[in-house]
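Q: Sequence:
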Amino acid sequence: MIDKVDIDKLIEEAMDNISKGNAGYCTIKISDEGLTLLTHNKKDLDESEEKIMSNPMNEKILYLCDRTRCDCCYEGYSCSHTTDIKHAKNFKEVYKGLYMESESGSEAPHH
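Counting in my numbering, the sequence shown runs from 65 upward without gaps.
Among the clues, some could well be false.
Computed spacing ranges between beta-carbons, pair by pair [stated by the list, open to error]: (1) 80 with 161: 35 to 45 Å; (2) 97 with 154: 19 to 29 Å; (3) 102 with 149: 11 to 21 Å; (4) 86 with 128: 31 to 41 Å.
By construction, these hints were calculated from the structure, which means they are not laboratory data.
We put the beta carbon where it would ideally sit given N, CA and C, even for glycine.
Using the sequences and the hints, build the whole thing.
A: Structure below.
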């Protein structure tokens with residue numbers, strides 16, 4: 065079970081690492097073993113931003129749509145993709161605004 069106190073501690077640790085320049089960004093890994101804070105080099109973040117900015121199609125992050133709300137789909141992708149993580153296939157909100165991708169690969173409903 066995910067404990068709010070543990071997540072709050074990891075968020076605080078992540079913010080501390082970033083503010084001190086020890087990390088460019090952080091992610092929280094959730095597994096059977098528990099929660100783990102992963103720190104990443106700012107150079108990796110800069111390279112990712114360069115890739116996104118180099119291609120206009122990458123300006124938005126596209127998720128596979130769970131097809132529960134047709135008005136959130138990304139134009140031109142015939143309801144298969146969305147920019148709204150709340151309606152992304154295989155993503156679940158585990159804590160206020162914190163989304164985790166499930167490994168189940170469950171199928172989205174069709175309409």
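Q: Indicate, hint by hint, whether the structure satisfies it.
A: Structure-based check of each hint:
The supplied range of 35 to 45 Å is broken by residue 80 and residue 161, whose beta-carbon atoms lie about 20 Å from each other. Take residue 97 and residue 154: their Cβ atoms lie about 21 Å apart, and the range 19 to 29 Å holds. The given range of 11 to 21 Å is respected by residue 102 and residue 149, whose C-beta atoms sit roughly 19 Å from each other. As the Cβ distance of residue 86 to residue 128 is approximately 34 Å, the hint placing it in 31 to 41 Å holds.
In summary, the structure is inconsistent with hint 1 from the numbered list given earlier, while agreeing with all the others.
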